[in-house]
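These protein sequence lines are chains A and B, in that order. According to our numbering, the first sequence is numbered sequentially starting from 1. According to our numbering, the second sequence is numbered sequentially starting from 217.
What the hints contain is simulated information worked out from the structure, not anything from laboratory work. Idealized CB from N, CA, C, for every residue including glycine. Incorrect hints may have been included.
[Stated by the list, open to error] Pairs of lysine to any residue residues, derived as SDA-like cross-links and limited to a Cα-Cα distance of at most 20 Å, are as follows: (1) B:K387 x A:W137; (2) A:K11 x B:R285; (3) A:K189 x B:T410; (4) B:K405 x A:S193; (5) A:K189 x B:T267; (6) B:K227 x A:A66; (7) B:K405 x A:P50; (8) A:K171 x B:R357; (9) B:K387 x A:T51; (10) B:K387 x A:A146; (11) A:K215 x B:L404; (12) B:K354 x A:D173; (13) B:K375 x B:Y237; (14) B:K365 x A:F97; (15) A:K203 x B:D389; (16) A:K189 x B:S409; (17) B:K387 x A:P199; (18) B:K375 x A:Q45; (19) A:K189 x B:P266.
[Claimed, not checked] What follows is a list of derived Cβ distance ranges for each label pair: (20) B:T407 x A:G168: 18 to 26 Å; (21) B:G351 x A:D22: 35 to 43 Å; (22) B:A283 x A:A175: 17 to 25 Å; (23) A:S65 x B:A391: 18 to 26 Å; (24) B:T360 x A:P208: 50 to 58 Å; (25) B:A283 x A:G44: 24 to 32 Å; (26) A:N213 x B:P396: 15 to 23 Å; (27) B:G351 x A:T191: 17 to 25 Å; (28) B:K387 x A:I205: 12 to 20 Å; (29) B:D389 x A:N213: 23 to 31 Å; (30) A:E3 x B:K375: 37 to 45 Å.
Protein chains: 2
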Amino acid sequence: MSEFTPTERTKVRRLPDRGKYDPESVYGVLDEAFICHVGFVVDGQPYVIPTGFARVNDTLFIHGSAASRMLRTLADGVQVCVTVTLIDGIVMARSGFHSSMNYRSVVILGRAMQVEGRDEKLAALTAFSEQVMPGRWKDLRETTDAELKGTLVLTLPLKEVSAKVRTGPPKDDEADYALPLWAGVVPLKLTASTPIDDPRLPKGIEPPDYARNYKR
Amino acid sequence: MSEFTPTERTKVRRLPDRGKYDPESVYGVLDEAFICHVGFVVDGQPYVIPTGFARVNDTLFIHGSAASRMLRTLADGVQVCVTVTLIDGIVMARSGFHSSMNYRSVVILGRAMQVEGRDEKLAALTAFSEQVMPGRWKDLRETTDAELKGTLVLTLPLKEVSAKVRTGPPKDDEADYALPLWAGVVPLKLTASTPIDDPRLPKGIEPPDYARNYKR
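Isolated chain A (complex conformation):
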């Protein structure tokens, strides 16, 4: 895989060391996440809406109800920005100024297109499910034609893309390292706990392994 080419719009200017343009970095963030924030403009006002997504090769899919205002706006091929963020820790420096976060984020610019074919839509729906809960799709009741028709699937090429990453300990002012103050990182991770049965679950059905041992 070749590097993404930073454009005037995706090049990381502030703290350029944090900019990453290799597919491993970009895809690594996308594959660990399952929620993105979609930005679009209506009458000059930007809107930022959280939604699920799936990555398949060099394409990002988002989806939702065919009645969704956001989805219908995006399907018109307007300019869009999709941002995916993972928070890895709180960087506790000796000063407020150098206090920070460890994070990995990806920004994707482009225009979305509607996915039309039945097979292509089903493949995208499979990918959404697998992105969130790998192993689940094969167990689900089959998707009906009415459900497919009621779902709008959009595709965005992973072309104008950059990642921004901060890792590691605080970077304090040299004089501050001598202070008698703890500094370091508090690691953070989105963590699953014990699955909660649907109150209407028939007796005797246990959660499958993919739910009991869920990890991002």
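Chain B: place on chain A using the hints.
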């Protein structure tokens, strides 16, 4: 506290039951989070950038380097959308169609203004620190005038605001409840693990309680 008034732009249309306009719901989400996604428009292109924030009463603060392109754009009073999202769980229904997420999100529309006074800026910096790591600010080396000057602080009124919340078990098609398939919710939470000492930490300094027992 009185309800926020939903506008044409913030009223939740899709699944209107999920819309919340009371300050308790809105502030509850904002106070549990510390990262927002800021949307703004440059030359017709929307950008969505993750950054830290603090809520103080009916105001949201964001901040960054005075050299940041985003901050300088926003300081000009352009239209902005700030979105805060908490993911609470994966809703595992019996069909792909009804599979979902439990989440709480807040969308804020408006125009940001620059915070100018020295005391006001310091108060905002204190609030950023306390939003992420309550108890830390009092231990930090004092902020210098140069640092204050190098930091741009913006304020956004919490006025045109709505929250959207999904909680609870899957809502499946009636016929699907009889399927011999586990369904329920896998709870998710951003969780801290053991603090990592800065490699340059002087010997014998232990992490403070606020870092060791960190919880959102």
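Here is how each hint holds up against the structure:
1. B:K387 x A:W137: 17 Å, holds
2. A:K11 x B:R285: Holds - the C-alpha atoms of R285 of chain B and K11 of chain A are around 12 Å apart, at most 20 Å.
3. A:K189 x B:T410: Distance ~12 Å between K189 of chain A and T410 of chain B Cα, so the pair holds.
4. B:K405 x A:S193: 8 Å, holds
5. A:K189 x B:T267: The hint holds at about 17 Å.
6. B:K227 x A:A66: 18 Å, holds
7. B:K405 x A:P50: 17 Å, holds
8. A:K171 x B:R357: Satisfied, since the Cα-Cα distance of roughly 14 Å is no more than 20 Å.
9. B:K387 x A:T51: The hint holds at about 19 Å.
10. B:K387 x A:A146: 17 Å, holds
11. A:K215 x B:L404: 10 Å, holds
12. B:K354 x A:D173: Roughly 18 Å separates the two Cα atoms, so the pair holds.
13. B:K375 x B:Y237: 11 Å, holds
14. B:K365 x A:F97: 11 Å, holds
15. A:K203 x B:D389: 19 Å, holds
16. A:K189 x B:S409: Holds - the C-alpha atoms of S409 of chain B and K189 of chain A are around 8 Å apart, at most 20 Å.
17. B:K387 x A:P199: 11 Å, holds
18. B:K375 x A:Q45: 15 Å, holds
19. A:K189 x B:P266: Between K189 of chain A and P266 of chain B the Cα gap is close to 17 Å, so the pair holds against 20 Å.
20. B:T407 x A:G168: 18 to 26 Å: 21 Å, holds
21. B:G351 x A:D22: 35 to 43 Å: With Cβ atoms ~39 Å apart, the hint holds.
22. B:A283 x A:A175: 17 to 25 Å: 23 Å, holds
23. A:S65 x B:A391: 18 to 26 Å: Since S65 of chain A and A391 of chain B have Cβ atoms about 21 Å apart, the given range 18 to 26 Å holds.
24. B:T360 x A:P208: 50 to 58 Å: 56 Å, holds
25. B:A283 x A:G44: 24 to 32 Å: 26 Å, holds
26. A:N213 x B:P396: 15 to 23 Å: 21 Å, holds
27. B:G351 x A:T191: 17 to 25 Å: 23 Å, holds
28. B:K387 x A:I205: 12 to 20 Å: 18 Å, holds
29. B:D389 x A:N213: 23 to 31 Å: At roughly 28 Å between Cβ atoms, N213 of chain A and D389 of chain B fall inside 23 to 31 Å, so the hint holds.
30. A:E3 x B:K375: 37 to 45 Å: 43 Å, holds
Of the hints listed earlier, there is not a single one the structure fails to meet.
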